[in-house]
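Top line first, the protein sequences correspond to chains A and B. The first sequence begins at 522 in this note's numbering and counts up by one. The second sequence begins at 522 in this note's numbering and counts up by one.
In case anyone wonders, no lab produced these hints; they're calculated from the structure. Be aware that one or more of the hints could be misleading.
[Claimed, not checked] Have a look at the derived ranges for each label pair, beta carbon to beta carbon:
hint	chain 1	residue 1	chain 2	residue 2	range
1	B	S677	A	E610	19 to 29 Å
2	A	K557	B	A647	40 to 50 Å
3	B	S677	A	D738	54 to 64 Å
4	A	L867	B	K620	42 to 52 Å
5	B	S586	A	L555	32 to 42 Å
6	B	T577	A	S539	48 to 58 Å
7	A	F864	B	E538	22 to 32 Å
[What the hints assert, rightly or not] Straight-line Cα separation of at most 20 Å, DMTMM-like style, residue types lysine to aspartate or glutamate; simulated pairs:
hint	chain 1	residue 1	chain 2	residue 2
8	B	K723	A	E757
9	A	K928	A	E729
10	B	K778	A	D848
Please read all numbers here as calculations on a predicted model, not as lab measurements. Don't be surprised by glycine CBs; every beta carbon is placed ideally from N, CA and C.
Protein chains: 2
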Amino acid sequence: MVSDADGLDQRVDELIESWKALSPKEYEEHFLALDKITAQEFFLCLSSTDQAHVFTFLPPKFRTSLAKLLPLDDLVDLLQELSPEEKNELITSLDNWTKTEVNALLAYKEDVAGGLMNSRYARLRADMTVEEALKYLRAQTQANLETIYYAYVIDSNQILVGALTLRELFTAKGNESINNIMTMRPNLITIPENIEQEEMAKIFAETEHLALPVVDDSGKMKGVITIDDVVDVLEEEATEDFQKIGGMEALEEPYLKVHFFEMFKKRAGWLVVLFAGETLTASAMTHFEDQIAKAVLLALFIPLIISSGGNSGSQASTLIVRALALDEVRLKDWWRVFVRETFSGLLLGLFLGIIGIMRVFFWPNKESLYGHHYGLVSLTVGVSLIGVVMLGTLTGSMLPFILKRFKLDPAVASAPFVATIVDVTGLVIYFSAAKLFLSGILL
Amino acid sequence: MVSDADGLDQRVDELIESWKALSPKEYEEHFLALDKITAQEFFLCLSSTDQAHVFTFLPPKFRTSLAKLLPLDDLVDLLQELSPEEKNELITSLDNWTKTEVNALLAYKEDVAGGLMNSRYARLRADMTVEEALKYLRAQTQANLETIYYAYVIDSNQILVGALTLRELFTAKGNESINNIMTMRPNLITIPENIEQEEMAKIFAETEHLALPVVDDSGKMKGVITIDDVVDVLEEEATEDFQKIGGMEALEEPYLKVHFFEMFKKRAGWLVVLFAGETLTASAMTHFEDQIAKAVLLALFIPLIISSGGNSGSQASTLIVRALALDEVRLKDWWRVFVRETFSGLLLGLFLGIIGIMRVFFWPNKESLYGHHYGLVSLTVGVSLIGVVMLGTLTGSMLPFILKRFKLDPAVASAPFVATIVDVTGLVIYFSAAKLFLSGILL
């Protein structure tokens, strides 16, 4: 790689990196000492949360000039991070046109398509010629459009009737009518203004568009969403699912930025729920206390049995939660998944069961450790493993479907959640197997 | 949303959806029955794996005509999925120019920047005027460039010297020299040709570019990567991490497409490793057999204790693995994370410990269940919980750093892997606490 050491981008990256450890006071001093170009470039590279932080220590006139650099959708993101007073102050400083647009965008919820779109886009009329369109676009471009890679054709009622790429414009003859070269409405992919950002990201991931138009119920064009916003949404949604699958509530900010007690709350909540579930194991165990008293060696395998159930459940739930999130499997596929996972669970269980039996059966000092009846003990362990692994696999794979069926987030079927369910039932399987094989012998 | 029911895109989506359950034979018949436009559109919407599947049953001349529709980088992806004979046959059918380009791209590994880029891009010379540039671009556009949103300025040795957006071209005066309006090399973000796709995706996610130029060590321009390829990479990498964190090897295809035994292998491998680890719990337990024999009620809390360790470990590892993947924390932050997680673990442990003590202490029939010494039993459970939760939190948060330090994938620190480590040590903590509080009383 050729060195980019002199580059502004490179320098800004280094600043962002090296400032991470600064105290707020130092950060403020460093920022105010930057030259204008670097300060602007630095500001543009920040997340909207960090931009809001920079705003807290900037004099008002600097705020306005920095805010003006932002594309409309990013400006709205920043406004949503500011305190009500700062927000009003900044909106007041905007020109009237921008003010109207900003207020329209602020009316959307943050995590729907409307909240992410930019209401400035390149617009054309169907009856223009290609030559007129190119000239008209060139004029519009001066007005700070975020994207001109697509031009949208709207009628006099703002209804979206078609779209075309700049490339299509470029390759067409100058006197051709836009009407003849545009892609017409029914063949266009559009995004409803109130669709969830997650759904929106899926549409982008499935099609290969750099930008898509947002329309309201009546078909009116409201704005454009560009794929760079989608990249953020995808990372955000995947991170939320990660945190949920790990057994906690999703965080709203990066790890090091979340306040300690905020993080504690999000973790403690689920831990307590899981703990409450796990106390059922203690209750279940009291029913088997007599069995353990008679054959203490049964206790030796408890952790092995319940963990194997938990591990197979964790695999299955993570696999299915992610597959559901990517639409690789859908609700209606539950039966195919059920059949597949039944066989998987059976096979995995048999596999571990056989290893478990061998573990007991061929252990060097098995007789002194597990007594005369090590054969029956190994059978108990083996059969329990088959049952517990099957149970874990089926619970882990079906629970996400059930949650989704009832409009809950499948990612709630976290690895620890599945493990907790399987722990309680796994104990019952184990001690039932013990009763079956060891009654009248050890029990 | 206005109905798009007549739309081609909509129809193709429905086809893809409804064909999912078809047998290969039916799929073939259905595909060959499509009209040309729909077949082309359908083909373009498929993943490269599915495109390769379609190729297996198409007559050669159809293959070539479909392949010609693909942008160069997607064509290369398809070629990589084909059998060696099919691949050669298809390459032979290409025109000479495309053949040379395709062979150059095939020389890259699939998961580095070079393997994802498109070697057709809009190129300009620095000494052109804006007017000449626009005319020149318009001519190039006919030649099937994937993107014309950026134009790249190269010198006579193919060295990248600058870049500009179409918008910059549009807004500049016609007689201005490209040299004066382009962004010059040191200020451009470039991607080295052999960088891993994961690193490449991070550069896109941090900057906000729709396309970035790929250069070799000498600064020669090799191609362009567009952000739509990055979206795929991000989803792919997140899915791999999901599967690893769930305790299995990453799959290479969507859930329903992976062959049953392929999936079995990827799951069984880790399950056996974890099982082998868990058998250590059985070994550890033999050391505490005497304690259990003397006080069977100690066995009752074993699942509760070890699961609490596993759950807190699962939270911490998932959190840190994801934060490392997004560069929210870096290797050098390990100490900050260590301090933070020590306090988190302590607090979470105290929290669960107190609930655990209350659970035993205030249980209705505690004396009949836990005997006279329920106070000391509850203390044993409470203190063990503090120790085990701290241990789980620290193991889960530090293991990903250790793995990364030794250039291993942090996602190997899966929830089940951490749980297994914590299970063994958790038992030692629990029975040590029991010895401490109950020696001479129950033990």
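Results of checking the hints against the structure:
| no. | hint | result |
| --- | --- | --- |
| 1 | S677/B / E610/A: 19 to 29 Å | 54 Å, violated |
| 2 | K557/A / A647/B: 40 to 50 Å | 27 Å, violated |
| 3 | S677/B / D738/A: 54 to 64 Å | 56 Å, holds |
| 4 | L867/A / K620/B: 42 to 52 Å | 50 Å, holds |
| 5 | S586/B / L555/A: 32 to 42 Å | 56 Å, violated |
| 6 | T577/B / S539/A: 48 to 58 Å | 54 Å, holds |
| 7 | F864/A / E538/B: 22 to 32 Å | 25 Å, holds |
| 8 | K723/B / E757/A | 14 Å, holds |
| 9 | K928/A / E729/A | 29 Å, violated |
| 10 | K778/B / D848/A | 13 Å, holds |
Consistency note: the structure conflicts with the earlier hints numbered 1, 2, 5, 9.
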